[in-house]
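Asker: Residue strings, one per chain:
Protein chains: 2
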Amino acid sequence: METMTDLAVQMQELGRRARAAARVLARATAAQKNAALEAMAEEIVRSGTAILAANAEDLARGEASGLNGAMLDRLRLNPQRLEAMAGGVREVAALPDPVGEKIREWTRPNGLRISKVRVPIGVVGIIYESRPNVTCDAAVLCTKTGNATILRGGSESIRSNVAIAEALGRGAARAGLPADSVLLVGTTDREAVRELCRMDRYVDVIVPRGGKGLIETVVTHARMPVIKHYDGICALYVDAAADLGMAERIVVNAKCQRPGVCNAVETVLVHRAVLPEFLAGAGEALLARGVEIRGDEEVCQILRGRATPAVPEDYRTEFLDLKLAVKAVGSLEEAIAHIEEHGSHHSDGIITRDSGAAEEFLREVDSATVYWNASTRFTDGGEFGFGAEIGISTDKLHARGPMALEELTTYKYQLRGDGQVRG
Amino acid sequence: METMTDLAVQMQELGRRARAAARVLARATAAQKNAALEAMAEEIVRSGTAILAANAEDLARGEASGLNGAMLDRLRLNPQRLEAMAGGVREVAALPDPVGEKIREWTRPNGLRISKVRVPIGVVGIIYESRPNVTCDAAVLCTKTGNATILRGGSESIRSNVAIAEALGRGAARAGLPADSVLLVGTTDREAVRELCRMDRYVDVIVPRGGKGLIETVVTHARMPVIKHYDGICALYVDAAADLGMAERIVVNAKCQRPGVCNAVETVLVHRAVLPEFLAGAGEALLARGVEIRGDEEVCQILRGRATPAVPEDYRTEFLDLKLAVKAVGSLEEAIAHIEEHGSHHSDGIITRDSGAAEEFLREVDSATVYWNASTRFTDGGEFGFGAEIGISTDKLHARGPMALEELTTYKYQLRGDGQVRG
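Line order of the protein sequences matches chains H and F. In short: position in the first sequence from 1, add 816, done, that's the working numbering. In short: position in the second sequence from 1, add 816, done, that's the working numbering.
Hint data in this document are derived by calculation from the structure and do not stem from the laboratory. Any given hint could be a false lead.
Which copy is meant is left open, because identical chains are indistinguishable; a pair holds if it fits in one copy or across any two.
Stated by the list, open to error - In the DSSO-like style, the derived pairs of lysine-lysine whose C-alpha atoms are separated by at most 30 Å in a straight line are:
1) K932 with K1044
2) K1028 with K1139
3) K1044 with K1028
4) K918 with K1139
5) K918 with K1044
6) K932 with K918
7) K1139 with K1044
8) K932 with K1028
9) K1028 with K918
Can you make the complete structure from the sequences, with help from the hints?
Answerer: Now the structure itself:
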């Protein structure tokens, strides 16, 4: 018989507690869950001193270990950020509860009534890096949808995460729901991630949010479904029939408004017929904003030394920076083929006045979100009107694109009969 | 650098071909796909001699290797079975095509129009055992929904499967769709399954249909989503307020009508207050039909030597046979707790006149399908009115319960704007 390690025993116990909490949460009414969310928001504010003290310890450790300024800023909490965190919880409380919705109902010829009803998934495992506010954001979306959560945050923010998770648990308990509704893996041991991935008895789905290395580890080890949040290598295609003024506004927005996010554009494909004019307008605007253009031969020739010659890898890279690959294409078909070959199927768009070309693009590009005449930056739960999001799924199954409350539920079939048997 | 084995090279090539076919299939209209299905049905009949010759070889090998009569019967094709197979293809052609459906459409305050549109998943891998008709059934459901298929059948039926898949490919090609729409793994090498599981670049989802060993292998190795089709350990709870005549009809149907299937009942929980009367009616009816009752102490005492004492394992076993675990419980809550603890979350039901108890059961039992006053045997795509099914998913994500055409699709978001940028 295999002997379990101490870590495995601890993790199994965490799983058992989460499963028990999930059973109670699944039965909770919307009012009970919202009361718990309100209490969680209060506890975040009330426990402010303790959370900030824990965060100060994380920051001190981070500084000592040489984290850079940007990473320290992501890690840092202050009273304003805690207020914003609590405000976010109250916003989720105000959203409609998808659980219990009758998705579809019909009656069979034999009189059997079938209802497809929305229910919680059960136990959601969330593995993330760095920012401690994810602890709160992810947990409250799960609570709202009646799911128990097992959180595993980055080691840099472990003390902040523990303090936040404890505050959330106290809030749940004050409202009469299990304190175990929100559980955090208290160790920074990397083996805990692999252990979590093996716990398909207790964990129904894992959502990894972080770098490729983390997601790879989860994909390799997970025995339960994983909803992946990979990177966005997003492209915009400027068609021959584009309004070039609009193209400039959209490309500049998609690249410069917030370059470090997954829905920022990384590649612009320009129809050869409008390339000189596009570069004279949008090209100059991008350069003026400090964007490094990595161009193909035609682009470099026009920009004369102000563009870097692109290497093939540039078309497969998520720069997350003021860098942009620009490439001339000869047709809509060539643009679509490039995107299918090099993109990450996240968010891609066409800019054109030609509705036929636009509809072909919208139909044929196999990405979670496809755009006609708008910035790719709108791929976001809030911008979609979902009120909140747990991330942007790059998977095709269960959740694709912005993943919000509805995507944290599943369904079951309830059948009501009067003695039907099968003939 | 790692050198790929010959098998890996072959499998990658299969994946590449399936992906290319999927791109064409995704663009196909419902009329094109239906024409392909009609041609596939014709090719099945036309190639009858070749398919039956291949099947005869499989049967001869099966007999030589000592397959039992039931297994040989599952393997055996004849002109009638081929006609039925072709008829099944035509039935799928007649069903509505879910692809292209606008699931939801809305406009944001900034004028951006968002459409959530149903699209094919892409490449579906199906791993199954024994029955060669699955080759045809699974492939046509995928073709109907615009998905390419990579099939991996059992080694016993390899020659039949190859002949059927070739006929289907010819049908697709005759209708102008890629012959590669339906691809079959031509080797019986077990390593091919593990190789398929690693091909997340080419395969979007794997659906394993077979024994636990097969499913375990896929779950352990798969890098892409897996929709599992595990066993059904289904329970019926006969409440104190049950109509015992109805309970008898339902329990007998759920156990005896077809004991070897996943939605047959394996455990009956009976409220203590009606146990003697239930056993006098339903108990006798079951015994008369040759059902072996594995009872707890109370049941055995009443049936006096005509029941086998149950061991704990009996409540966790899918008998797939004329065997039934029967256990007395003291309350609805005890019944629900038993089902949550021992069941496989497939199909479970309550028999009662008490609508409050029924609704509590329907709400609290976390199974794909939950029944009130009907036989669990209705968990089936055909019985649900779906027209066809690829199986019964025991997973919670993406597809739960009967998995039909809609469950072979995913969605994407199409956004239509007039120059929107993010502020």
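Asker: Against this structure, judge whether each hint is valid.
Answerer: For each hint, the structure was consulted:
With identical chains, the CA atoms of K932 and K1044 are at most 30 Å apart both within one copy (26 Å) and between copies (20 Å). Within a single copy, K1028 and K1139 get their C-alpha atoms as close as 20 Å, which meets the 30 Å cut-off; across copies the closest is 50 Å, which misses it. In the homo-oligomer, the alpha carbons of K1044 and K1028 lie at most 30 Å apart both inside one protomer (10 Å) and across protomers (26 Å), since each shortest distance falls under that limit. Taking the shortest Cα distances, K918 and K1139 never come within 30 Å of each other, neither inside one copy (47 Å) nor across copies (36 Å).
In this homomeric assembly, K918 and K1044 come within 30 Å of each other (Cα to Cα) both inside a single copy, at 28 Å, and across copies, at 25 Å. Both within a single protomer and between protomers do K932 and K918 lie at most 30 Å apart by alpha-carbon distance, with minima of 6 Å and 19 Å respectively. In this assembly of identical chains, K1139 and K1044 lie within 30 Å of each other by CA distance solely inside one copy; the values are 25 Å within and 43 Å between copies. Taking CA atoms no more than 30 Å apart as the test, K932 paired with K1028 passes between copies only; the shortest distance there is 28 Å, against 36 Å inside one copy.
Within a single copy, K1028 and K918 get their C-alpha atoms no closer than 37 Å, and across copies no closer than 33 Å, so neither meets the 30 Å cut-off.
Of the numbered hints listed earlier, those contradicted by the structure are 4, 9.
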